[in-house]
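Participant: So the chains spell out like this:
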Amino acid sequence: MTGSLRRGTTIALALAVLCALAVAAAAGARGTASASQLREGGTLTIGLAEEPDALDPTLARTFVGRMVFLSMCEKLYDLDSHLNIVPQLAAALPTVSKDKLTYTIKLRTGVKFNDGTALNAAAVQESIQRHLTLKGSVRASEISPIKSVTTSGANTVVLHLSAPYSPLVSQLADRAGMVMSPKALAAEGANFAQNPVCVGPFMFKDRVAGDHITLVKSPYYYDKSKVHLASIVYKIMTDPSSRTQALRAGDIQVEDRIQATDVPTLQKDSKVSLIKSVTIGYQGLTLNVGNKNGVLKGYGPTGTAISKSKQIRQAFEDALDRTTINKVVFGGLNQPDCFPIAQSSSWYAATTKGIPCNLHADVAAAKKLIQASGLPTPVTVHLLLGGTDPVNARLGQVIQAMEKQVGINVVISATDFTTSLNDATNGQFDTYAVGWSGRVDPDGNIYGFSATPGTLNYSGYSNSRLDYILNGARKSLTTKARDTLYHAAMQVIADDVPLIYLYHPVDYFGVSKSVTGVQAYGDGLIRAAFAAYSK
Amino acid sequence: MSFVEVSPVVTPRARRRKILRRRFLRRPLAVAGLAVALAFVVAAIFAPWVAPYSSSATDFDHVLSHSSGKHLLGTDELGRDVLSRIVWGARASIEAGVLSTLLAMAFAVPIGLVAGFFRGWADTVIARLTDVLLAFPFLITAVGLSAIFGPSLTNATLALGIAAAPALIRIARGEALALREEDYVRAAVANGAGDLRIIARHVLPNMTSTLIVQATVLIPTAIIGEAVLSFLGLGVQPPTPSWGVMLSDAQSYLTQAPRLAVYPGLAIFLCSLSFNLLGDGLRDILDPRTTR
Amino acid sequence: MGGFLLRKAGAALVVVFLSSVLVFAGVRALPGDPAIALAGENHDPAVLAAVRQEYGLDQPLPVQYVKWIWRALHGNLGLDNRQLPVAHTIVTRIPISLELALLSVLVGMVIGITAGVIAAVRRGKPSDHAATTLALVGLSVPHFWLGLLAIILFAVDLHWLPSGGYVSFGSHPIGNLEHMVMPALVLGTGLSAVLMRQMRSSMLTSLGADYVRTARAKGLSEWSVVGKHAFRNSLITVTTVVGLQLGQLISGVVITEVIFVIPGFGRLTIDSITARDYTLIQGVVLVTATGYVLVNLLVDVVYSLLNPRIRVS
Numbered sequence: 001m002t003g004s005l006r007r008g009t010t011i012a013l014a015l016a017v018l019c020a021l022a023v024a025a026a027a028g029a030r031g032t033a034s035a036s037q038l039r040e041g042g043t044l045t046i047g048l049a050e051e052p053d054a055l056d057p058t059l060a061r062t063f064v065g066r067m068v069f070l071s072m073c074e075k076l077y078d079l080d081s082h083l084n085i086v087p088q089l090a091a092a093l094p095t096v097s098k099d100k101l102t103y104t105i106k107l108r109t110g111v112k113f114n115d116g117t118a119l120n121a122a123a124v125q126e127s128i129q130r131h132l133t134l135k136g137s138v139r140a141s142e143i144s145p146i147k148s149v150t151t152s153g154a155n156t157v158v159l160h161l162s163a164p165y166s167p168l169v170s171q172l173a174d175r176a177g178m179v180m181s182p183k184a185l186a187a188e189g190a191n192f193a194q195n196p197v198c199v200g201p202f203m204f205k206d207r208v209a210g211d212h213i214t215l216v217k218s219p220y221y222y223d224k225s226k227v228h229l230a231s232i233v234y235k236i237m238t239d240p241s242s243r244t245q246a247l248r249a250g251d252i253q254v255e256d257r258i259q260a261t262d263v264p265t266l267q268k269d270s271k272v273s274l275i276k277s278v279t280i281g282y283q284g285l286t287l288n289v290g291n292k293n294g295v296l297k298g299y300g301p302t303g304t305a306i307s308k309s310k311q312i313r314q315a316f317e318d319a320l321d322r323t324t325i326n327k328v329v330f331g332g333l334n335q336p337d338c339f340p341i342a343q344s345s346s347w348y349a350a351t352t353k354g355i356p357c358n359l360h361a362d363v364a365a366a367k368k369l370i371q372a373s374g375l376p377t378p379v380t381v382h383l384l385l386g387g388t389d390p391v392n393a394r395l396g397q398v399i400q401a402m403e404k405q406v407g408i409n410v411v412i413s414a415t416d417f418t419t420s421l422n423d424a425t426n427g428q429f430d431t432y433a434v435g436w437s438g439r440v441d442p443d444g445n446i447y448g449f450s451a452t453p454g455t456l457n458y459s460g461y462s463n464s465r466l467d468y469i470l471n472g473a474r475k476s477l478t479t480k481a482r483d484t485l486y487h488a489a490m491q492v493i494a495d496d497v498p499l500i501y502l503y504h505p506v507d508y509f510g511v512s513k514s515v516t517g518v519q520a521y522g523d524g525l526i527r528a529a530f531a532a533y534s535k
Numbered sequence: 001m002s003f004v005e006v007s008p009v010v011t012p013r014a015r016r017r018k019i020l021r022r023r024f025l026r027r028p029l030a031v032a033g034l035a036v037a038l039a040f041v042v043a044a045i046f047a048p049w050v051a052p053y054s055s056s057a058t059d060f061d062h063v064l065s066h067s068s069g070k071h072l073l074g075t076d077e078l079g080r081d082v083l084s085r086i087v088w089g090a091r092a093s094i095e096a097g098v099l100s101t102l103l104a105m106a107f108a109v110p111i112g113l114v115a116g117f118f119r120g121w122a123d124t125v126i127a128r129l130t131d132v133l134l135a136f137p138f139l140i141t142a143v144g145l146s147a148i149f150g151p152s153l154t155n156a157t158l159a160l161g162i163a164a165a166p167a168l169i170r171i172a173r174g175e176a177l178a179l180r181e182e183d184y185v186r187a188a189v190a191n192g193a194g195d196l197r198i199i200a201r202h203v204l205p206n207m208t209s210t211l212i213v214q215a216t217v218l219i220p221t222a223i224i225g226e227a228v229l230s231f232l233g234l235g236v237q238p239p240t241p242s243w244g245v246m247l248s249d250a251q252s253y254l255t256q257a258p259r260l261a262v263y264p265g266l267a268i269f270l271c272s273l274s275f276n277l278l279g280d281g282l283r284d285i286l287d288p289r290t291t292r
Numbered sequence: 001m002g003g004f005l006l007r008k009a010g011a012a013l014v015v016v017f018l019s020s021v022l023v024f025a026g027v028r029a030l031p032g033d034p035a036i037a038l039a040g041e042n043h044d045p046a047v048l049a050a051v052r053q054e055y056g057l058d059q060p061l062p063v064q065y066v067k068w069i070w071r072a073l074h075g076n077l078g079l080d081n082r083q084l085p086v087a088h089t090i091v092t093r094i095p096i097s098l099e100l101a102l103l104s105v106l107v108g109m110v111i112g113i114t115a116g117v118i119a120a121v122r123r124g125k126p127s128d129h130a131a132t133t134l135a136l137v138g139l140s141v142p143h144f145w146l147g148l149l150a151i152i153l154f155a156v157d158l159h160w161l162p163s164g165g166y167v168s169f170g171s172h173p174i175g176n177l178e179h180m181v182m183p184a185l186v187l188g189t190g191l192s193a194v195l196m197r198q199m200r201s202s203m204l205t206s207l208g209a210d211y212v213r214t215a216r217a218k219g220l221s222e223w224s225v226v227g228k229h230a231f232r233n234s235l236i237t238v239t240t241v242v243g244l245q246l247g248q249l250i251s252g253v254v255i256t257e258v259i260f261v262i263p264g265f266g267r268l269t270i271d272s273i274t275a276r277d278y279t280l281i282q283g284v285v286l287v288t289a290t291g292y293v294l295v296n297l298l299v300d301v302v303y304s305l306l307n308p309r310i311r312v313s
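Protein chains in written order, with my numbering: chain E, 1 to 535; chain W, 1 to 292; chain P, 1 to 313.
Since the hints were derived computationally from the structure, they do not count as laboratory data. Treat each hint with caution, since some may be false.
[Stated by the list, open to error] Listed next, the in silico BS3-like pairs over lysine-lysine satisfying Cα-Cα at most 30 Å (straight line):
{"hint": "1", "chain 1": "W", "residue 1": "Lys70", "chain 2": "E", "residue 2": "Lys404"}
{"hint": "2", "chain 1": "E", "residue 1": "Lys480", "chain 2": "E", "residue 2": "Lys100"}
{"hint": "3", "chain 1": "E", "residue 1": "Lys308", "chain 2": "E", "residue 2": "Lys404"}
{"hint": "4", "chain 1": "E", "residue 1": "Lys135", "chain 2": "P", "residue 2": "Lys67"}
{"hint": "5", "chain 1": "E", "residue 1": "Lys310", "chain 2": "E", "residue 2": "Lys353"}
{"hint": "6", "chain 1": "E", "residue 1": "Lys276", "chain 2": "E", "residue 2": "Lys513"}
[Claimed, not checked] Incomplete in silico selection of chain P near chain E, CB under 8 Å:
{"hint": "7", "residue": "Pro31"}
{"hint": "8", "residue": "Ala39"}
{"hint": "9", "residue": "His43"}
{"hint": "10", "residue": "His88"}
{"hint": "11", "residue": "Thr89"}
{"hint": "12", "residue": "Ser163"}
{"hint": "13", "residue": "Val261"}
[Claimed, not checked] Using C-beta positions, here's what the derived DEER-type ranges look like:
{"hint": "14", "chain 1": "P", "residue 1": "Ser171", "chain 2": "E", "residue 2": "Gln491", "range": "56 to 62 Å"}
{"hint": "15", "chain 1": "W", "residue 1": "Ile212", "chain 2": "P", "residue 2": "Gly124", "range": "23 to 29 Å"}
{"hint": "16", "chain 1": "E", "residue 1": "Asp269", "chain 2": "P", "residue 2": "Glu222", "range": "55 to 61 Å"}
{"hint": "17", "chain 1": "P", "residue 1": "Pro45", "chain 2": "E", "residue 2": "Pro301", "range": "19 to 25 Å"}
{"hint": "18", "chain 1": "E", "residue 1": "Gln37", "chain 2": "P", "residue 2": "Thr114", "range": "55 to 61 Å"}
All C-beta atoms, glycine included, are put in the ideal place defined by N, C-alpha and C.
Whole structure, please, built from the sequences with the hints as guidance.
Facilitator: Structure representation (structure tokens):
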């Protein structure tokens, strides 16, 4: 024991290995061996960080569930490694009518569901209609502008919209674009989640709640020659330390989201390679500007310093040292940034150009701003944390220490995530540390949080100019026009500070070196359907 | 009955106290327990003067540092002095341990007394309800209640106190049941004394030794209970230090800095051991029925 | 005897019923809207309303309670947030906790009884003091800390044992035991402290009892006096104590499963509370309470069989 007491690896060391890590990560992700070196068959076990919810594309809500769907439920569209939208079950990107209200989608032919029935336009029509109308559908709001779905021949689907909606295709590249077997839907009905059947390289075999989900290779998949594994087991392992332990022991071959403190250890393990994935999500602070009675229940000043004074909000942001937060709380593994769009996104450069982003604290500026606000010091600001785990506690305490230097007294209130969402919805907070898993389209990372009717607008922020910009961006379809509009939106947010963006989470996945072809893109999902053991 | 008083100053009660004190002092383990327990209480009360640093003073340039002359037990993941956090952490533990015990007593003793002394329908209802509450294990009840109340030290103390009450009600009820059958209580009833007077003069005083012993058993249970709740994120709010929170934080650093998991656990252990030693000693001297 | 049993069973039934009400009410008292927990990242009011409707959260509480308890009586505890049957989840998790509990009780009894007997026979000698002091240490040590220390030593430093997790006995017997050694020892030693104290005092009482004195007077060997008479008699008391320690055991299982990441019933309890999974919490806690009451009933009955005088009171 005394030996281990002396053996301390500091975070500084973690930082030092980072460069080496990035190189190794790139190699891990793209080190696909040639086909002759691959072994056919075998079971790949993936240790998931959370438990997926219902495996029903219409009802599914969790992020981690999307990883399982990736192997068994293909979508009309998919993302490539640069997060561009590419056709999957569709034969090509949709043809859009001039008024932007009609989308015509041609389907890939010769595709079979995992029960042997054929995929056709009628099946797609049925699935989209189910997304729109099934009781409890989570998809309905994602594709609500779809007014009706018609077919034109056996292999063409036509979507009719009530209003132009540029994020539509990106929604069809997620669960709303998944097609379920009509035969299985007829047989299972609302219990589809207990035996889901879609098009995919793997098909559902069994699930034991809280423990695992097993998928086996599909005999019906249209691109079967690319599939090498005989089965994939998703094991639910919510404890990060034991996930790492299991990967090192060889019990699992792929580890979902490695905790920061384990990254240096795994880096030294010769049997494991790491995949680094800068996610498209963000973590930050939501500031209660005008959420007095609850989200969507009117906007008005709450009477707190944060709500009253833009200077205080700006000072709060200036006091934060994003680099130190990343170093102390996350072992330096995340990507500090000031914007809701990730650096890996093709939208980043044009929409953030020229907007100042200081990754270090500016204590002097913050103090000046507080003085300018005219409010008596110390200013007290409550900070709501959505979790009572050590990482959240660390984040809260680091923020508290930083704000103290500029004369802001932060009072932390940590609670479980659900309760915190409740408090946030009801406006019972000053600042709320919360993140967003991220969407490919910028709209999905901005609109809901800052626009006046936004369902996630915990800030209670209502700015008619910003609303005008964001609604305009929803309607315009050219990238250039949207670039300009989102750039303007970012400027408004950066100046008025209804939200403070702190960093983009960087996910590290561990993969046993006996396996090749496991990938992770910026959406943070593990893609393992085409992986294989090497000979 | 003799009327010759050798030393008129010494009342029977004072004499009993003297005997008890002598008996107590003859038990070195119990004395050690008392001393350590008192040390923890003193540390808790005078934490600002005892602790070398503030419990929340961070130093992001010196995180996870080893013990040195500056930081006797090193620093934690945010560069805070571990020794200071342990000293301040005694506050949460002692507060939760002692206050929840007092709360449980204040709640359970009157209820148990009423049930056991008056019997009748009130007794039936109370006994049945106690059975229902006892169908949930202590820790499960405490966790559930803390989840309902929301995480904070006050709520954790409340939850621990309420969770401990049912067992205590049962004990108090049993004692009252037994005591009401004692000759001196019957005599008092026959002499026409009022119920309140009987309870205050005869029943309650004769329960105190049992209650004191129970309290010393309950305090360490509650101290560990607070640590468990804090460990599960249902205790104190950051940055308030608590031994349970320190252990929970240390879990992420088991490979890099296992010492962070050693010290707070040691503190919980010593604190609860001291109360247990004290309790054992008190049981021995107050309750002659136990063989030792 | 029949009347006594009936009375006891009736009381147990009332307790189970009342605890079901308590569980139901307690779950509704938890802060946080379960619809928000269910809806994931999408907080569109329409989605929330749809979720509430789907899970019956929009109905009046008494209706929700009656529906739940009616189904529960038929063995159906409803579907959890993942749309999976709660009863099935519980049934798959209980054996894991049961294994941990049984192994721990085994460890506890072996250590506790041996130490208790030695301490009683050698009363006042150094071995008695050592055992008594150790028992006190065992009572005072927070077991989740002991678990952490064991992980640091045996998993992190020495790499002898896995730091946590679970492998089923059926799929990998040796792996199963490897995963169970630390948790069972940690939990078992805690239990042994209580048992040791009980065993010691009960042995001391027995050793002082008339029939033991008679046996000694008859010139029976010390071994036969201690082994046959005192020990056997004390064992009955200790068995009852194990039953009475059930609450402590359940609490211990919960925290041990959290520390060692064992996907058992205890961890399910904590997870369900964190996830605000109403149907799951209700099912889990109802099963705990029912099990607890049943075991207590069993202890009562066994005890009354062993000691007929109890029945009168």
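Participant: Hints first: check each against the structure and report whether it holds.
Facilitator: Results for each hint:
Our distance criterion of 30 Å between C-alpha atoms is met by Lys70(W) and Lys404(E), whose separation comes to about 23 Å. Straight-line distance between C-alpha atoms of Lys480(E) and Lys100(E) comes to about 17 Å, which keeps the hinted pair within the 30 Å bound. Between Lys308(E) and Lys404(E) the CA atoms are separated by roughly 20 Å; this keeps the pair inside 30 Å, and the hint holds. Among the hinted pairs, Lys135(E) with Lys67(P) is consistent with the structure: their alpha-carbon atoms are about 20 Å apart, no more than 30 Å.
For the given pair, Lys310(E) sits about 23 Å from Lys353(E) by alpha-carbon distance, which is consistent with the 30 Å threshold. Taking the CA atoms of Lys276(E) and Lys513(E), the gap is about 15 Å. The hint holds against a cut of 30 Å. Checking Pro31(P) against chain E by beta carbon gives a least distance of about 5 Å; that is within 8 Å, so the hint holds. Here the hint on Ala39(P) is kept, as its CB sits about 6 Å from the closest CB of chain E, short of 8 Å.
Interface hint status for His43(P): upheld, as the beta-carbon distance to the closest one in chain E is roughly 5 Å, under 8 Å. The restraint placing His88(P) at the interface with chain E holds, with a minimum CB-CB distance near 7 Å, inside the 8 Å limit. Nearest Cβ of chain E to the Cβ of Thr89(P): about 4 Å, under the 8 Å cut. The hint holds. Annotation: Ser163(P) was flagged as interfacial toward chain E, and the flag holds, the nearest CB pair being 5 Å apart, inside 8 Å.
With 8 Å as the threshold, the beta carbon of Val261(P) comes within range of chain E, its nearest partner Cβ sitting at about 4 Å, so the hint holds. Between Ser171(P) and Gln491(E) the beta carbon distance is about 58 Å. The supplied range of 56 to 62 Å therefore holds. As the Cβ distance of Ile212(W) to Gly124(P) is approximately 26 Å, the hint placing it in 23 to 29 Å holds. Distance hint for Asp269(E) and Glu222(P): a CB-CB separation of about 59 Å, consistent with the stated range 55 to 61 Å.
For the pair Pro45(P) and Pro301(E), the supplied restraint of 19 to 25 Å holds, since their beta-carbon distance comes to about 24 Å. Between Gln37(E) and Thr114(P), the C-beta spacing of about 58 Å keeps the proposed range 55 to 61 Å intact.
Hint check: no violations occur; every hint is consistent with the structure.
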